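Input sequences plus hints: build the corresponding full structure.
Chains as they are written, first to last, in the numbering used here: chain A, 1 to 449; chain B, 1 to 449.
Treat the hints as calculated values from the structure; they're not laboratory data.
Mixed in with the good hints, there may be bad ones.
Heads up, the list lumps identical chains together, so a pair's fine if it works in one copy or across two of them.
As a list, the in silico SDA-like pairs of lysine to any residue whose alpha-carbon atoms are at most 20 Å apart [what the hints assert, rightly or not]:
#	residue 1	residue 2
1	Lys349	Asp36
2	Lys177	Tyr209
3	Lys84	Glu105
4	Lys283	Leu371
5	Lys349	Leu44
6	Lys349	Asp39
Note that the structure is a prediction, hence the values are computed from the model and not measured.
2 protein chains.
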Amino acid sequence: MDQVILEDVLEQLRSALEANDLATASTIIEELRPADQADLFWELDEDEQTALLPELNPADAADILEELYDEDVVELAEQLPLDKLIQIVNEMEPDEAADLLDDLEPEQAQAVLAQLESAIEVKSLAHYEDDTAGGLMTSAYIPLWRRITAQQAIDTIRAWRPDEETIYYLFVTDALKRLVGVVNLRQLIVADPATPITEIMETDVVYVYTDTDQEECADLMQRYDLLALPVVDEHKTLLGIITVDDLVDVIQSEAGEDIQRMGGAEPLDRGYLDTSILVITRKRIGWLLLLFITATLTGLVMDSFQDELAAAVALSIFIPMLIGTGGNAGSQTTATIIHAMAIGDVDWKDAWYVWLHEMRIGVVLGLGMALVAFGLAVFWTQDYRLALTVATSIAGIVLWATGAGSLLPLTAARVGIDPTVVSGPVMSTLVDATGLFIYFTIARLILGL
Amino acid sequence: MDQVILEDVLEQLRSALEANDLATASTIIEELRPADQADLFWELDEDEQTALLPELNPADAADILEELYDEDVVELAEQLPLDKLIQIVNEMEPDEAADLLDDLEPEQAQAVLAQLESAIEVKSLAHYEDDTAGGLMTSAYIPLWRRITAQQAIDTIRAWRPDEETIYYLFVTDALKRLVGVVNLRQLIVADPATPITEIMETDVVYVYTDTDQEECADLMQRYDLLALPVVDEHKTLLGIITVDDLVDVIQSEAGEDIQRMGGAEPLDRGYLDTSILVITRKRIGWLLLLFITATLTGLVMDSFQDELAAAVALSIFIPMLIGTGGNAGSQTTATIIHAMAIGDVDWKDAWYVWLHEMRIGVVLGLGMALVAFGLAVFWTQDYRLALTVATSIAGIVLWATGAGSLLPLTAARVGIDPTVVSGPVMSTLVDATGLFIYFTIARLILGL
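Shown next, in the form of structure tokens:
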């Protein structure tokens, strides 16, 4: 339903732009929610975007820029008159503004910073890495001093910038700005107005440091169902907070990166259709080449069994099925283990149990597959000895693939490699060579080649 | 740091349990946060769990059960004395209680329900599917009547169950309990106490129906940065709310399912090591068999080119590299497209542009790979015509794989199949057969077989 309506709005927007009626176009955009504003804006051509952006209310323009990809924002920002850009950056969340300034040309960034209202805040956020707690945190929060009462706290909240987001948690600090506790708004309302904050607050606060990895922040917030996570320095001085909507984006993007990596492709930094062919090629060719080179190993195995192949040409027709099944059985295992590791179900300490579990699964799976393979091979070739070779090989290959597939991600994580990288393509290539070796060796024994 | 401390606590817990000192053990658990309580509890043996659970404060026991896998909860619940179970279920969130009762044996569920404080709420939640808005929502929220003032709203909040979670949004209903607006707690505090709610509230509320899929709920909450999402029936009567912590779990679990499916394994319903070998085998063997059978197609292609293979045995040694590269190039493409689809970057309408983009990428990638393949084949076989065959084939296979890989997930989604299912293994199998066909056809032409 939502989608249909947005498409109607897009029609209206386009006809306003065609009539060069920027005022109507701005009104159409400004009536939407930020995510929808960004979606519609995104559908426009570059010329239309460049023309429309300076006409929008700076607060709406800021919302839109916050939703777009970093590189597109930079391109748009470079087209904007300086005074417009400053107005817009003034309306952005401090953490987003810091990210943008970081990406702009140094001269432009300097010019904006010189006239920014919250220059100090933004500057102090600018030197943290994007994927750490420091890069995620915002300085737009209300610290409460610990010597005040519930009523004074509520008055502080009333006096706070009126355009601020909902406040869920309020963090309490001492005179040195060190984090000492947390209260939620409801606790404040329910408390007797004269109650000191220290009597209401919880002192056992979960916090992170500025250099804590964003994935760890997300794990903590999810684990403890937190709506905001305070970020401190080494003296426990409160520097900012991370809000739950940022966390949701982190979880989504980390999952997206995992999915791309499992397919053997490096994650992209911006929209797919906007990423140039050369950039995408560069992100893929490394893996393809590496796997191509390692696949020569499989070629070598094939080469060294040329005599067997020549003696029993029918052997070759089962090669695709055998190495395919090995690769698939291995991928299934790594995918399951990677997921179990991600949710904290298993880790390196469980390696022995995981391996044992997979070996048992491998035996059952292998026997099942062997049975089907035997039937199929007999039907196809009417050669019982060949069928026995194929069936025995497939049992061995499945067992080997599940065993290797279980230990590969655990070992990778143990030595500090992202386990999603070893999955899929690498697994297949690894199992291909060894699978062929198993097949030809068993063929030698059973067929007496 | 967290981890080390938890391990110390586990030591203490274990020694308390060994000394049969259940009181101390309970105290140790009760001092922790729910997620940590569940983690420690999970580390205990079944006997220890069964002994300890009835001794815990019912509220803590409820927190623990809410964090465990459904099937484990059922096993524990079946061991509990009925009165204990009722006490614990009374402390659970209504949606979690409904899920549990749904999983219990009908007689036990009836017995619990008969004595439950919130029986009506729980019963009304019990008939929704787990993965819909109805299954996710809780009835533990405060609806505000639209005829009240800001001050009356704050009084209502004060009078609400004191053990309730933080309230972020308050939903406003009319006399027929139909959803008419939303306010946040801060707006209430900031407003003049005599202001009618209707003047503060936003009337443009994002809502879902009880049968809305949980993934759509998660998308909406993420898109509009919502902390709570109201669930209504066809008359727009407010039935419950979904909170952001449930959303985070949904995103995480959907991402986990995608990762497992991309590896060709059906997602598991409970902990990996606790899932029996037969269940895991059943979840894998379907795919393995299907892909094995479809791989006979590749075998058939191989079979039909036996003469060419016999005439030029050296052709066979490049088979693993060629089909491997095709599969990998295809997986890279599907992974990228699946991710771009998931974040709303591309959809079916963009199919033409996506295909064009991938074809261009395929040309560049294919030429790059062909160059390397030519060098490698010359080095290996000293046969320039064979090397040309290999190089041309790999260019063709990469181009074909990127093209097919781009359209496969889009087409799958279009016809209502989960695109993660077609990725990885299916892609490889598809590209294997066609890749071989391309290879042998080019070999015929160049080598004149």
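Hint by hint, here is what the structure shows:
Taking identical chains as interchangeable, the C-alpha atoms of Lys349 and Asp36 lie at most 20 Å apart only when they sit on different chains, with a minimum of 18 Å there against 47 Å within one chain. Within a single copy, Lys177 and Tyr209 get their C-alpha atoms as close as 15 Å, which meets the 20 Å cut-off; across copies the closest is 45 Å, which misses it. Taking the closest pair of Cα atoms, Lys84 and Glu105 come within 20 Å of each other only inside a single copy of the chain (17 Å); across copies the shortest separation is 66 Å, beyond that limit. In this assembly of identical chains, the alpha carbons of Lys283 and Leu371 lie at most 20 Å apart only when taken from different copies (18 Å versus 42 Å within one copy).
Taking the closest pair of Cα atoms, Lys349 and Leu44 come within 20 Å of each other only across two copies (16 Å); inside a single copy the shortest separation is 53 Å, beyond that limit. In this assembly of identical chains, Lys349 and Asp39 lie within 20 Å of each other by CA distance solely across copies; the values are 15 Å between and 46 Å within a copy.
Consistency note: the structure conflicts with none of the earlier hints.
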